[in-house]
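Chains A and B, in that order, are what the protein sequence lines are. The first sequence runs 1 to 425 under our numbering. The second sequence runs 1001 to 1078 under our numbering.
These aren't lab readings, by the way, just hints derived from the structure by calculation. For every residue, glycine included, the Cβ atom is placed at its ideal position computed from N, Cα and C. Watch out, some of these pointers could steer you wrong.
If you anchor each label on the Cβ, the simulated ranges turn out as follows [what the hints assert, rightly or not]:
1. A:Ala23 - B:Asp1025: 40 to 50 Å
2. B:Ile1029 - A:Arg273: 17 to 27 Å
3. A:Thr123 - B:Ser1036: 24 to 34 Å
4. A:Gln130 - B:Asn1061: 21 to 31 Å
5. B:Asp1021 - A:Asp58: 47 to 57 Å
6. A:Met143 - B:Asp1048: 21 to 31 Å
7. B:Glu1047 - A:Asp127: 15 to 25 Å
8. B:His1027 - A:Asp127: 28 to 38 Å
9. A:Met143 - B:Asp1003: 13 to 23 Å
10. A:Arg273 - B:Asp1048: 48 to 58 Å
11. B:Glu1073 - A:Tyr103: 46 to 56 Å
Here's a subset of chain B near chain A, in silico, CB distances under 10 Å, partners left out [to be verified]:
12. Ala1011
13. Leu1013
14. Pro1014
15. Asp1015
16. Thr1019
17. Glu1020
18. Asn1035
19. Ala1037
20. Leu1039
21. Ile1044
22. Asp1048
23. Asn1056
In case you want the letters, here they are:
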Amino acid sequence: MTDNRVVVTGMGVCAPNGIGLAAFRQALVEGKSGIRHHSILEELKFRCQVAGAPDLNDIDIDHYLTRVEQRGLNASGIIYGMIAGQDAWVDAGLEIGPEKTDYSTGVIMGVGLSGPDKFRDGTYLIDDGQIRRLSSNTVIQTMGSGCASMLAGRIGAGNQVTANSSACATGTEAIIMGYERIRSGQATTMLVGSTCASSPYIWAGFDAMRILPSVYNDTPHQASRPLSASAKGFVPSSGSGALVIESLEHARQRGAEIYAEIISGHVSSGGQRDGGSLTSPNPLGVQTCIQRTIASATTPINKISAINGHLTATTKDADEIQNWKIALTECELQLAPINSTKGLIGHALSASGSIESIAAILQLHHQEIYANVNCEDLHPQIADMYDADLIPTTTTQTTEVDIVLKASFGFGDINACIAFKRYLG
Amino acid sequence: MIDELKAIIQAYLPDDISTEDISSDSHLINDLRINSANLVDIVIDVEDKFDIEISNEEIENMSTVGDAISIIERKAKT
């Protein structure tokens, strides 16, 4: 049976605090927040009026989308995904617009809800009996696989082209799906990631559930507070992350730079039992997912250098820390430094797993551990069970980042965990 | 007339085809390489511009820029 080693050779990111790898890394090192007050949310009477959205003002959109594609474009998730996806492809040293189809290359670009604003435009016309006036791009901008398909066209992908969806686990799941496909020999190269539009029509449901913070509307940079005693809910966000992953053999053949090796990945569900529900994780399910990721690693995991948690800044953060502690302890592993990227970018929902995986890999690549922001008042329950030194509040340079775990957990009691390892040749 | 139509069509041209390439003989798909899906958008824009309604049958017979012009001229008169 084929069992290819899989490596990451390209990354592209369109995050609220930075577009492009260099800007994103700088934002992580410097603690630059991407959370802003959005007047549209105030006008629409959101309780939470702060959110994260990539700032496209300095971006040359013509570089990523044709003039025709930009016409009638009202799906920010597609813009973010086209930026991240094409940047990742170019970063891997691969060609945009090759002449021929490559049947060994695929695309998995996950989404939660694609183009809700475009869909809304359409509903007004449909309800008014004006179906014939819908523009031709209505379908492309609202179908879940729209962004994946547009990217596939750019790179001539002839292998699987799809969009997965598993709520807030979507991004991490997409990477794992691509990893499994390459590992098993069904594909050689996969462009994987996820995207999430900036849209009140995505965020409103969470506001109605009263799980977004409403007391930081005047202090947006303080609003997203993972691990903090004063966390009041997650800050809604958006963006996209994309990775080029390929077999080690293929990467070596073409002399590609390797950011990291993926040595394990597992997706699972808590079955909505034992404390799990559509909106809450079954603790045992979370622990099982982490443990299976560790146990199935192709290189034995004896020490974890760092964890990039899901940690959204809700009351569930303490539960998640407990799950990490139990999972690692039962695997006879030392607890590791843990951080959350969400303090700076909020919760990018379907895009969170891919953007945060890039943050996790940047830690390996640059040998640094990023700070947690806004948790100077560590939640007392967390302080009681996890060494505060392992919850860094300053970014540190080191030489010892070897294995980083990234996990994402989503509505539906869905879990995804992936292990990245430093690749030294 | 053709200038007004050109202004509409140019929005859907691929990046490597310019407005100067448009003549009344130009085949919308074969010569101007307009994505067939975008023909629908051109029809919508034409309907708005000339305040007419173009039927499905007419769209099927609209292959060249000249075809579009004759449809518009016929409709705009009535």
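Hints, one by one, checked against the model:
no. : hint                             : verdict
1   : A:Ala23 - B:Asp1025: 40 to 50 Å  : holds, 49 Å
2   : B:Ile1029 - A:Arg273: 17 to 27 Å : violated, 56 Å
3   : A:Thr123 - B:Ser1036: 24 to 34 Å : holds, 25 Å
4   : A:Gln130 - B:Asn1061: 21 to 31 Å : holds, 23 Å
5   : B:Asp1021 - A:Asp58: 47 to 57 Å  : violated, 33 Å
6   : A:Met143 - B:Asp1048: 21 to 31 Å : holds, 26 Å
7   : B:Glu1047 - A:Asp127: 15 to 25 Å : holds, 20 Å
8   : B:His1027 - A:Asp127: 28 to 38 Å : holds, 37 Å
9   : A:Met143 - B:Asp1003: 13 to 23 Å : violated, 36 Å
10  : A:Arg273 - B:Asp1048: 48 to 58 Å : holds, 56 Å
11  : B:Glu1073 - A:Tyr103: 46 to 56 Å : holds, 49 Å
12  : Ala1011                          : holds, 6 Å
13  : Leu1013                          : holds, 7 Å
14  : Pro1014                          : holds, 7 Å
15  : Asp1015                          : holds, 6 Å
16  : Thr1019                          : violated, 12 Å
17  : Glu1020                          : violated, 16 Å
18  : Asn1035                          : holds, 7 Å
19  : Ala1037                          : holds, 4 Å
20  : Leu1039                          : holds, 8 Å
21  : Ile1044                          : holds, 6 Å
22  : Asp1048                          : holds, 9 Å
23  : Asn1056                          : holds, 9 Å
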